[in-house]
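Number of protein chains: 2
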Amino acid sequence: MPASNEDDLIARYFRPLATSAGSFELRDDAAILGEAPGDIVVTTDAIVEGVHFFPSDPPETIARKALRVNLSDLAAKGAAPAGFVLTLALPQPDASWLESFAGALGQDAALFQCPLLGGDTVSTPGPRMISITAFGRVKVGRMVRRLGAQAGDVVAVTGTIGDAVIGLDLLKGGPSRPALSANRAFSDQMVGRYRVPQPRIALASAIADCAHAAMDVSDGLAGDLAKLCSVSGVSARIDLAKVPLSEPARTVLAAGAITLEALVGGGDDYEVVCTVPATRWPALAAAGTAAGVAVTAIGEIVAGSSPPVFLDASGRPVTLTRTSYSHF
Amino acid sequence: MPASNEDDLIARYFRPLATSAGSFELRDDAAILGEAPGDIVVTTDAIVEGVHFFPSDPPETIARKALRVNLSDLAAKGAAPAGFVLTLALPQPDASWLESFAGALGQDAALFQCPLLGGDTVSTPGPRMISITAFGRVKVGRMVRRLGAQAGDVVAVTGTIGDAVIGLDLLKGGPSRPALSANRAFSDQMVGRYRVPQPRIALASAIADCAHAAMDVSDGLAGDLAKLCSVSGVSARIDLAKVPLSEPARTVLAAGAITLEALVGGGDDYEVVCTVPATRWPALAAAGTAAGVAVTAIGEIVAGSSPPVFLDASGRPVTLTRTSYSHF
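In order, the protein sequence lines correspond to chains A and B.
Each residue of the first sequence is one higher than the one before, starting from 1 at the first, in this note's numbering.
Each residue of the second sequence is one higher than the one before, starting from 1001 at the first, in this note's numbering.
I should point out that these hints are in silico values taken from the structure, not numbers from a laboratory.
Some hints could be false.
[What the hints assert, rightly or not] Capping the alpha-carbon separation at 16 Å, the derived lysine to aspartate or glutamate pairs in EDC-like fashion look like this:
1. Lys1139/B x Glu35/A
2. Lys172/A x Asp57/A
3. Lys1139/B x Glu1035/B
4. Lys242/A x Asp312/A
5. Lys139/A x Glu1035/B
6. Lys172/A x Asp188/A
Just so you know, these numbers come straight off a predicted model, no measurement behind them.
The task is simple: from the sequences and hints, build the whole structure.
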């Protein structure tokens, strides 16, 4: 009896990614996360064609984004990647698309030591959709939560903020395009930041060691920090001038093509925002230096229940009207 | 700052389902499966509107099917449910649909002791899609695999086979409809079997104790058993007359409205097929009796590499042309 096309598809494109013993080479109905010391951190994030990525985006970047948005959560939680399962909904199997998608997914799985454990492949009359559930390991009780920020903590972010907003604006032909038209490298860099997040896995153990609270910035720095503060029962004062911006972002900002408010309120950064006691801040900063990832102090946690206050260069509070992205 | 609509939606409909400490009341980016003895079994299955369910299906049955197709895998693997994460892709949030969906999902989560741990809610321009990743626990190295069937094993199935094929046929207005038109209870029973699988969680520990190999029957008994035999490097001889059929199914079959081949080659049974050494068969049968779930011996595993042979009442092999469902 010949294998079904679905089985062929899985065997051809995804079996090479199933490098963990617990995946049983994708020849079973389920996978195993083996007994090991510590808790397992579970996170799930889906991306939908036309919502989180463009139909014309390269399959390689779609694959990387699908995995990396989950790895970004693991990094923020201080977890070491342990594997993932993939649900892939496709209108029809397109061999060349699948080959590129699976190839890039496999490269990222190897790069971040996060092997494919299993999955489900289904047909859909709608857009492509990729849902990934990823697993990480932490010491018992040591997942870094949103809850836990304390007054006096340094608020820090990894990398740079707002690049993905500009990348998306470029792809949509928005005002960033003329602002960067003279610099192709800058444009490519911003589009790359939108399409391919850089999960801060290299900092996961330092975040676990140093941070009181953390989350990944996926829906906008202002709104995400507000969520963290709300759950922790604290507020924050942030110096907008300290929010780390890339050189392309500064160029777009200087041209008046986008506002700083849009950069701190837009989504898809996939950086980590964390709060760190002052005594641990040097250790986190040093870990950033060692990993080659900028970690920037942008303000501090203060007592109170109001949303974080963003201050301009002269110390005046700035009113942010749009602080985060919501699907509905 | 008001919570976003997406946060409101999660808080209103799904927070009540997050009864496990590891879910952090859905107020974090990730959940925890806490350290405990044993392996964690991971399975993922998605259902798509227009493919796995009808747009007009009640939200309650859609919710139950989405969770139960995953619980069915856990049962077949001998695992006790530990929790699940949910990805929900919706064209727009419909309060009454969501309330019904989440209510039924919560009832099933409680019924099967499988709490919601986390999830992701995304908008989609396409059909509704629900992807669930479920977790179960087994003793170390004791997940029941497809691999492991041995010549001489009894081949057994739980429940009855083919009901969901008839239920689907009824919903599509196929030939089963006139065959059951005189018996509304039979029709409802078959539609119920299509819409709401009965995961055999009650037998999970007996399957773990007794079976050499097992899988859930989701794509058709004939094809699924063939997959199990292929991975195990064995063949099987099945008495078609012993395949357990419900009374409605026998009625449809007697009316000539459907073939036995269609019943053993169709999908959506969500029963367990397992192979059990003869010495353990009485224990499994007794567990079925205790749980109120029929467990029926339908044949035996034999040496060889050919696909399972299905024998008719006179012992002649029957050729099955369509043995299982494939998405592509």
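Hints versus structure:
Between Lys1139/B and Glu35/A the CA atoms are separated by roughly 9 Å; this keeps the pair inside 16 Å, and the hint holds. As the CA atoms of Lys172/A and Asp57/A are separated by approximately 12 Å, the hinted pair is consistent with the 16 Å bound. As the CA atoms of Lys1139/B and Glu1035/B are separated by approximately 13 Å, the hinted pair is consistent with the 16 Å bound. A threshold of 16 Å between alpha carbons decides the hint, and for Lys242/A with Asp312/A the separation of about 10 Å falls inside it, so the pair holds.
At most 16 Å may separate the alpha-carbon atoms for a hinted pair to count; Lys139/A and Glu1035/B meet this at roughly 9 Å. Straight-line distance between C-alpha atoms of Lys172/A and Asp188/A comes to about 14 Å, which keeps the hinted pair within the 16 Å bound.
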